[in-house]
Each structure stands twice: as C-alpha cells, then as structure tokens.
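Undergrad: With chain A held as given, fit chain B onto it using these hints.
Number of protein chains: 2
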Amino acid sequence: MQRYTKTGGEIWDMEKSQSPRMGSVILGVDGGAGNTVCVCIPAAMPFADPLPVLSRAVAGCSNHNSVGEDKARETLERVMAQALLKARRRRSNVCAVCLAVAGVNHPIDQQRMLDWLREIFPSHVKLFVENDAVAALASGTMGKLHGCVLIAGTGTIAYGFTRDGREARAAGAGPVLGDWGSAYGISAQALTAVVRAYDGRGPETALTNSILDFLGLASPDELIGWTYEDQSWARIADLLPVVVESAEAGDEVANKILHNSVGELASSVKAVVQRLELSGEDGKDHFPLVMVGKVLMANKRWDIGKEVIDCVTKTYPGAYPIHPKVEPAVGAALLAWNAVASELDGSPRTVA
Amino acid sequence: MQRYTKTGGEIWDMEKSQSPRMGSVILGVDGGAGNTVCVCIPAAMPFADPLPVLSRAVAGCSNHNSVGEDKARETLERVMAQALLKARRRRSNVCAVCLAVAGVNHPIDQQRMLDWLREIFPSHVKLFVENDAVAALASGTMGKLHGCVLIAGTGTIAYGFTRDGREARAAGAGPVLGDWGSAYGISAQALTAVVRAYDGRGPETALTNSILDFLGLASPDELIGWTYEDQSWARIADLLPVVVESAEAGDEVANKILHNSVGELASSVKAVVQRLELSGEDGKDHFPLVMVGKVLMANKRWDIGKEVIDCVTKTYPGAYPIHPKVEPAVGAALLAWNAVASELDGSPRTVA
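In the order they appear, the protein sequences are chains A and B. So that you can map any letter, position 329 of the first sequence is 329 in full-length UniProt numbering, and since no number is skipped, the others follow by simple counting. So that you can map any letter, position 348 of the second sequence is 348 in full-length UniProt numbering, and since no number is skipped, the others follow by simple counting.
No lab work stands behind these hints, which were simulated from the structure alone. By construction, the Cβ of each residue, glycine as well, lies at the ideal position given by its N, Cα and C atoms. Keep in mind that a hint or two might mislead.
Claimed, not checked - Not everything, but these chain B residues come out facing chain A in the computed CB check (under 10 Å):
#1 P107
#2 D164
#3 A168
#4 G174
#5 L177
#6 A188
#7 N209
#8 S219
#9 Y228
#10 E229
#11 Q231
#12 S267
#13 A271
Claimed, not checked - Over the 12 Å line for every Cβ pair with chain B, so calculated as not near, a few chain A residues:
#14 E10
#15 R91
#16 C95
#17 L114
#18 P122
#19 V125
#20 A173
#21 G178
#22 Y320
Next up, chain A with everything else stripped away, as it sits in the complex (with noise of 0.2 Å):
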C-alpha cells in the first residue's frame, strides 16, 4: 500500500479502469466509534421500499480522535472509493456527499473536514459535514433534519435538529465527562457494585455471581486485574445483557442501574428538546425521537428504550418514538439527498 498524502491520489486510479455507468449519484458515511459504512444511492431516488441502495462498502473506524487525523481521512477516502467502484461510478457521477463522522464536535473539525473533501470533489458537488449521531437521525425520518435522535450503545449521544436548523446535543462526550446512561456506564456501574458489595461498602447483588461467572474469574479481587488489561469501552460495555438478565431475575442493585441510566438517557433527550424548544410553545407540538443502539433495543423483558419513551412523553407527549429500518450510512444518504432537493425548492438549510 502506498503512503496516504494530504488528499490519495492513487486510491481514484480505479477510475481509469473502468467503464462507467451513468447517472448522478449521492455517498452517504457513517463513521461510528467501531467501523464505517458508505453507501451509494442514485440521486434520482424514487421512494421505494426497499431504498435502492447501489452499493455499500465497510472499513475500520474513522474517528480521529482515535486513529489520528491522516489514518481517519485515508479510511473515508478508500470506503468512498470503494463503493463508487462496487456502483462502477467514478466521482464525477457524484452530485452530493454526507459524511456523518464520530468526533466531529466542533466547527472547526467540520470545516477542516469540508475542506478536505473539497480536494476530493469539485466544487459542484454538494458537501455536508456532521457528527455520527446526525446520519443516525437521519435514518429515522428519510434525511429531514428535524426531531431529537437518542443514540445509546457503547457511548451515548443525543441529538436535535429544529425545522429552520438550529441544532443541539447532549452527553456525547465519553464516559470520563459523564455519559452513565450508555452501554459502558450501565457496565461499569455494574462493576463497581461488584467491588462495593465485596468491600463492603455496598449491598450484596446477584450481579457478582452473574458477572464473574461471564468473566471466567473467581473472585472480585481479578476484577481489578481485568480492567486493568485492556480498558476499551467496547470491552467494558459487553457486559449490558449480563446486567439486564440480572435486573430481569429481580437483583434491586442491577434495577437501580437500570434505572439510572433510563433517567440519564431521557434527561440528555430532554435537554435537546428544551433547548430547540421542539414541541412549540404548548409543549405539546410533535416531533421525531429516533431510538438507536443497543441499550434501546427492545428485545428483552427490561425494556430501556421504552422506560425512556415513557419519561420523556411524560413531559413532551408530542414525541412520537421511530425504530430506523435502514442503517445509518443511508441516513447520511437520504440527508445529502433531500438537502439537495430541499436547495432546489428554495430551502435556507446548505453547508459549504
């Protein structure tokens, strides 16, 4: 493999190989905190069901914060590449590009990344930069930035949009600047109960049966020596089902977890709610609350994403609740797609 430079240059030469198809398309990305998916969708998008979805591709993760900045911008090059080649488009097939990338906090981030992109793509396409979390809201509403997505799986995030573009978020910021309602702190919270019950300085749970046993370890004491080796929130966060099978089999410790994390997740809803002023001046205005991630999946008996939905409608009853049916790299799509479309009727909503 070549040495990726400032914009790679030999990740395009597949488009002299190939014969082309025809036809405007539209990349939409998602980078989460694990991998990246692009998807390529045709710009003249009838509204099927299924989406028509060209192509996908899939690379490692491309938030820089992790990986580093050249590492994260030489994943989203190539997986961009690759499924224009998988479509066989070339980039000047391409009309309009979302990037929907974890890390992305600031404004700077997002016009250092625009204007990167910028190399990659001529100046008549149309280039939208955003946090993950957006791609995410997305997928629920068929690309209309409006309504507040919840994302809750090994981090957590929440996320608005108001119809005339305002935005906000809430929590987001790793488990060191508080996001105990994700999968990793209802994990660790769960740990730390273990090591309080066997200190002494908590109540006895069944969590330290039910998570020693699921750790191959025999005592508490090898908890430490555990998280020691490996600190990855992914790691950590895999111990979710462990402690809802515990809350199911009635463990009080392993409820009051649960519970936390219900009144931390609604609280970052509520805040982007509040703050957006989403349901209008009576309190009583609908709008979308997109569920994802797998704290919110509803396939067990303790059911996190509905104890949420209710806490929130208990303030807001216009939130009306949507499980996404597509992936959040054609969330990124439908964006790009429908800001594009959005620009044609006169819209005030575009990016660079």
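TA: Relative to the frame of chain A, chain B by itself:
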C-alpha cells in the same frame, strides 16, 4: 543499558567495586502510581527523631499493571541497588526488605514478588511484600500494622489491619471500578458538571469558567478533545485545586462534589473498620486512622480530610487521626524493622 533478565545480575556489579561499611540495614520500598522510592535504615535503629535514614533513591513507576512485570522488577531492583550503593552497603548487609508496591492486589501477586525477591536476597533475609497502602499506614504508626490508613491522592484506597494480623481493604480499584473520592474522581465529576451545565442536563456552575481558564480553553466543547488527548489519571486529577477553590467561593455544584467525595472516602474507612471490628465490641476502642495524600491535606478552608474524620468519628469515636511525618518508604522500612523485632519477641505475624 544491558537488557534486564530474570534477575538483573549486572545491576549488582556495584558490589564488586565497593568497600562497604559494616552494620546490618533494612530496605523499605514504596512503589506508587507515580514513582518508586527506596530508603535504607540501620537495622539496630535507635528511635531517634528525625529517623536515621542512611540513604534514599528514587526511580520511575513500578506498578506491574501499568508498566509490565519486567519493567516493574527492573525498576525495583535498580532502586534497591542504588539505595545500598549510596549507603555504602552490600546485599550481605541487608537483614530485611519490605516492598510496598501499587498493583499488589492479590495473594498471587504477593507470592510472585516474594519468589522473585528471594532470588536476589539469601534465605536468612526477611522479606515482606505489601500493597503500597500498607507502607502509608506504617508511616503513621511507626511500623506497627494496626489501624486503618486512608490514601486519597490521584487514586484512593482504605487499608486496615488488626493487631492479630487480619487485614481488609476498600476501594483502590481505579476509576472504572468506582474510586470516586480521589482527586481523579473529584476532577472527573467537575468536568462532567461543566459538560452537563453546557448541554442543559445540569445546573449552571462557576466550575465552567474556572476550569476553562485553568486549561486555557475557550468553550466546554473543547473539553472533549482535551480529555481524549491524554486520559492519564494524574492529568485529570490536577484539576483538584480548581474544584476546591470554586467550592470555597461558594459554588453549589463544586460543594456538592466535595461533599460526595467526603462521603465516598468516609465509607471506605467505615467499611474497613467494620469488617475488622477495629473499634471493638462496644464500638469505642481506639485505633489509628492514618490520613495520606493531597486530597486530605489540611491546607485549605474547605478541608476534605477534616470532614472525613468528622464523618468517621461520628460512627467510630475511638478513631484517632494521624498525619504522618515520614514518607511511605520509611513506613515500609519501619514495618520490616518492627516485624523483625516482633518476631524476636514471638509475635505471630511473619511473612515468607
């Protein structure tokens, strides 16, 4: 530098070129999260004030969980050789060694360290391996293993011993496992409070301006990048003075964080005291409560250490607080000295 092998024979080459003084000595080693200190004291020690420390050597971190076992052992062996060299003694002068190192959390850790130490020192040398908290206790009790020590620096742990050699600990498992009373815990909660105030999940707080000023950042958004940059506990724990100042200036959020910290630290002490029944059957027996670490230093109006003592003595009026005058490495040496002396008296507590 030669590569370190199982025991670093070349480290002891210094013994060949040296004309040693006479007299038995004891080595005390304190290996904390930051560095490792070794002191050498005479075995026939008059209880003078100040204590007759023959030499002192300092090296880097020797927590095997942080730097790996090889590196930890090399650091320990070198720092002991250096202390002996400075005191103009050889290993043949050594009658006892006490190694008190962070990361010794399990009898297996302890036995492995004892086996390794035995390869360096012949069978008549008394060897002791303990968690570094034990050296901190001994630094307040002149080497007697009785009472409870509370350490609250970057991390926190409570450790206690009964007169008949039973021991117990609480906390000390790191932030993932809930050490919330430490300087790291206090600082992480303060950072979280700033993010929560910013995104609307929590109340406004003066911590926002004080922390941003202290770190030279313009907006709470930038805290995410700042924490990702380097997640070392010590770097985050350095915010402690900012939190204390904000609390002293009357900020409610900062005050709540410090009160939480007091509750957490006192609960660690109480868990240890209760499990060991240090306060006797009537709950009024006297026992030392040794207070160590920057969180507990009484140098501010908001005196966390004093609040913890008040909280503990409400439940256990016999606890008498001690702020040690010697460093933990001297505590480790005194522990070995005391154990050797006790053994001559027929005391039950001997190790290896």
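Undergrad: Measuring from the C-beta of S219 of chain B to each C-beta in chain A, is the shortest one below 10 Å?
TA: 8 Å, holds
Undergrad: With a cut-off of 10 Å, does the beta carbon of A168 of chain B approach a beta carbon of chain A closely enough for the hint to hold?
TA: 8 Å, holds
Undergrad: So is Y320 of chain A really clear of chain B, every C-beta pair being over 12 Å apart?
TA: About 22 Å separates Y320 of chain A from the closest Cβ of chain B, which puts it past 12 Å; holds.
Undergrad: Can you verify the interface hint for G174 of chain B: is its Cβ closer than 10 Å to any Cβ in chain A?
TA: 6 Å, holds
Undergrad: Holds or violated: is there a CB of chain A closer than 10 Å to the CB of S267 of chain B?
TA: 5 Å, holds
Undergrad: For P122 of chain A, is the shortest CB-to-CB distance to chain B above 12 Å, so the non-interface label stands?
TA: 31 Å, holds
Undergrad: For the restraint on E229 of chain B, tell me whether the closest CB of chain A is nearer than 10 Å.
TA: Holds: closest Cβ of chain A sits about 8 Å from E229 of chain B, inside 10 Å.
Undergrad: Holds or violated: is the Cβ of A188 of chain B closer than 10 Å to a Cβ in chain A?
TA: 6 Å, holds
Undergrad: Can we confirm that no CB of chain B comes within 12 Å of the CB of V125 of chain A?
TA: Since the minimum Cβ distance to chain B is about 28 Å, V125 of chain A lies beyond 12 Å and the statement holds.
Undergrad: Are all C-beta atoms of chain B more than 12 Å from that of A173 of chain A?
TA: The assertion about A173 of chain A is violated, with a minimum of 5 Å to chain B.
Undergrad: Any Cβ of chain B at or closer than 12 Å to C95 of chain A, or is the non-interface label fine?
TA: Holds, because the least Cβ-Cβ distance between C95 of chain A and chain B comes to about 32 Å, which exceeds 12 Å.
Undergrad: Against chain B, does E10 of chain A hold up as non-interface, every C-beta pair farther apart than 12 Å?
TA: 30 Å, holds
The structure shown violates the earlier hints numbered 2, 7, 20 and 21.
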